[in-house]
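Novice: Each chain, written out:
Protein chains: 2
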Amino acid sequence: MERTLTKDCKKKIGKKVLVKGWMYQLRELGKINFIILWDRSGYIQIVVQDKKEIAKLKNLHIGTVLGVTGEVKKSAQTELGVEIANSQLEVLSPVHEAPPIEYNKESIKANQNTILNYRPLSIRNEKIRSVFRVQATIMEAFRDSLRSQEFVEFRCPVLMGSPSEGGADVFEVKYFDRSAYLAQSPQLYKQIMLGAYERVFTLLPVFRAEKHHTSRHLTEITHMDAEMAFVEDMDDVFVVVEQVVRDIFGAIEKRNSKDLKRWNVSLPKLPKGRFPRIKIREVLEIVEKRTGKSAKGKKLDLEPEDEREIGKWAMEEHDTDFLWVTNFFKDKNFYTWNNPDDPSESQSYDLICRGIEWLSGTIRIEKYEKLIDNIKKQKLNADQFEGYLQAFKYGMPPEAGFSFGLERITQKIFDFDNIRSATLFPRDVERLTP
Amino acid sequence: MERTLTKDCKKKIGKKVLVKGWMYQLRELGKINFIILWDRSGYIQIVVQDKKEIAKLKNLHIGTVLGVTGEVKKSAQTELGVEIANSQLEVLSPVHEAPPIEYNKESIKANQNTILNYRPLSIRNEKIRSVFRVQATIMEAFRDSLRSQEFVEFRCPVLMGSPSEGGADVFEVKYFDRSAYLAQSPQLYKQIMLGAYERVFTLLPVFRAEKHHTSRHLTEITHMDAEMAFVEDMDDVFVVVEQVVRDIFGAIEKRNSKDLKRWNVSLPKLPKGRFPRIKIREVLEIVEKRTGKSAKGKKLDLEPEDEREIGKWAMEEHDTDFLWVTNFFKDKNFYTWNNPDDPSESQSYDLICRGIEWLSGTIRIEKYEKLIDNIKKQKLNADQFEGYLQAFKYGMPPEAGFSFGLERITQKIFDFDNIRSATLFPRDVERLTP
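So the protein sequences, as listed, match chains A and B.
In terms of the numbering used here, the first sequence opens at residue 875 and continues consecutively.
In terms of the numbering used here, the second sequence opens at residue 875 and continues consecutively.
Treat the hints as calculated values from the structure; they're not laboratory data.
Honestly, I wouldn't trust all of these hints.
[To be verified] In silico DSBU-like pairs for lysine-lysine, Cα to Cα no more than 35 Å straight-line:
1. A:K1267 x B:K983
2. B:K979 x B:K884
3. B:K890 x A:K1244
4. A:K886 x B:K1146
5. A:K881 x B:K1146
6. B:K1267 x A:K983
7. B:K1241 x A:K905
8. B:K1241 x A:K886
9. B:K1267 x A:K1135
10. A:K889 x B:K1267
11. B:K979 x B:K905
12. B:K1267 x A:K884
13. A:K1173 x A:K1146
14. B:K1146 x B:K1250
15. A:K1001 x A:K889
16. B:K890 x B:K1241
17. B:K932 x A:K1251
18. B:K1267 x A:K890
19. A:K1267 x B:K905
20. B:K926 x B:K947
21. B:K1206 x B:K1267
22. A:K1250 x A:K1267
23. A:K885 x A:K1132
24. A:K1085 x B:K1085
If you're wondering where the values come from, they're calculated on a predicted model, not measured in any experiment.
Using the sequences plus the hints, can you model the full thing?
Specialist: Structure below.
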């Protein structure tokens, strides 16, 4: 008999079916017993009344993989609207003891470390499953949106001959009789790729050897990066990014509304039209006015409390969770243009959402001589950037780019305190398993 | 004036436009001169006749980034059907010397090492660009096809606490005061993820510390991996894979027919219906008959020459480039079922295309006790597999999976001798740049 997915049972009322899945709940009431069975399409209630079948229930633990044949009947009380009656059970994979965490409860009652130690089981919890279904949608919608805006995907390498952006916090790999380094960002490669496709994107793991024990730091995260040429000013980038954000939210609303509901969260509020934008100088003034704390002596940079305050301001003044903050303090990296009108400012931008940075980017220097100059000024080794500089020496248009952190966005949509809750298999100073 | 993409000039005949792009060709004929300008949408011919403009041509090298204003005119001789006349040139980014490789010729006349050393320029060659446009389509179509078959994408970690599959050929990372290892495959993680989603896939870089100097070996490649539960037999997997292959080819035909034409290659021939399948034992018999070489003493495994011969046979007998070869010699890994009817065989399969392996996979052991047993027999350390075993201890259905190599498929579609030609930034024993 061919397997029927639980969601398709609705179309087979009165018919005999075979469903297969994991036992998610078991309610034993003596003569009448209920199993909730889970498969990839959802849940179904199995009614077990036959004596011979009831006897089998004794040895069943949560997670047991079952094949159940029975008759589909209408059932007004169940979410699906149907249940399986006159059930016969076959154990396809037995479970010999109760799982160490009760993942089949609405929420797992355990601290985060335990939840991560038991990740192969905690991921079976429906709320946790929801998080990574949304994460899958974010990845897909990011790529689809950029493709529709004529960006080409490319595979950026992870193994580097030298540290990608200078040297601090880079992981070293024993590479035969020398060293290699793990990519900290796809920055230089996406710029190289511009010379071939004008608009490119990549989604890749990046690595930071930062010895921080915080709720924000992981050693391996997922970057969603893009780079575009023939940029006249920041607004050309903003148009692209705003479309990406709208497309990601649109996809989540379409596919994951139940997943959001399960956590009782809603997506950040988009503005009706374009996203508001404001220079960091003005942000500091607004925050000073609102909080009464002097901004004197502050660099052109945002402290977390400034981000939170300006986030509130955006909602009050512009009725949206989003705003662009631009023109940060002149950048320390060698590839960003400063503001020609005020060289204390860089041509940089952050997208703030609900009081935290979601994305950052800059207008890049496309002039070969200027890059060489900056590399010398910063006492970097120009040889390390040979391939990169090649692309600029032989013709590169004005260009800019941006970078989202996949885990960060996922975290913020679900309003998690810790980025680990938005990461399937987080890696940090202590954790490399599972 | 707003930029017009070259492909959109067709809609603006008689109008004044601004196009921007790279100078790809320059033909100086004295009074009348032609530039071929490239942007992300294609090429356009620019006619330069004005004396003041002609004077600017002197200093222009290939790759110079130009903004050109002029009038769109019909032009029967050009591929686009229009050209830009009465052109005025503005240099947006200058190039001060001719590029070291002539990437603007139909094919680059240089050996592969030179082409890779100059990758930021060689990728500007239209034929090479084509290769990686096709590669982008393969990635996208692989994901789209699996999503349409109800697979969920997940992000598999690259940093591992212990070697993923045993220990040989693994790269070691200095990880604070201990060691981490780079993923050799997403195998164990995709199996873990099955417990949550039933069908999963991931596309990720994997790493092999093999000291080979061959046309086939790279240290970093891209795996396209999937895993599925409730598999009754191999055929359940084959149905999914055959759809993936058809969807990838369908997408390439739709979007990249010009890219294939440029290389004068065509996609491998698909069968009308299901892909033919054959056991390795029969393959060896057929090859023996066809070549006259005795298969005696051969293990149940395919040598490259066997693959080529059976590839020819598939075309002759089944009119297709594809065939499944199954039941290889009992597997050395601990997670594959052997054939219950003949324990010298494993439940394994390769998809052969044009005489080379495109994909491999196996039916996995879902029984916890059997896995423990195999891990002991192979003298592996069970502690290393703790998280993995957790997933099986608490209920895992019969399952199977498969793995494509992105670079391998790209290579074989274009019939390249060397996998490096199908890799943007190849990494091998010698090469870690650019």
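Novice: Could you work out which earlier hints the structure fails to respect and list their numbers in ascending sequence?
Specialist: Numbers 14 and 16 - these are the hints that the structure violates, sorted from lowest upward.
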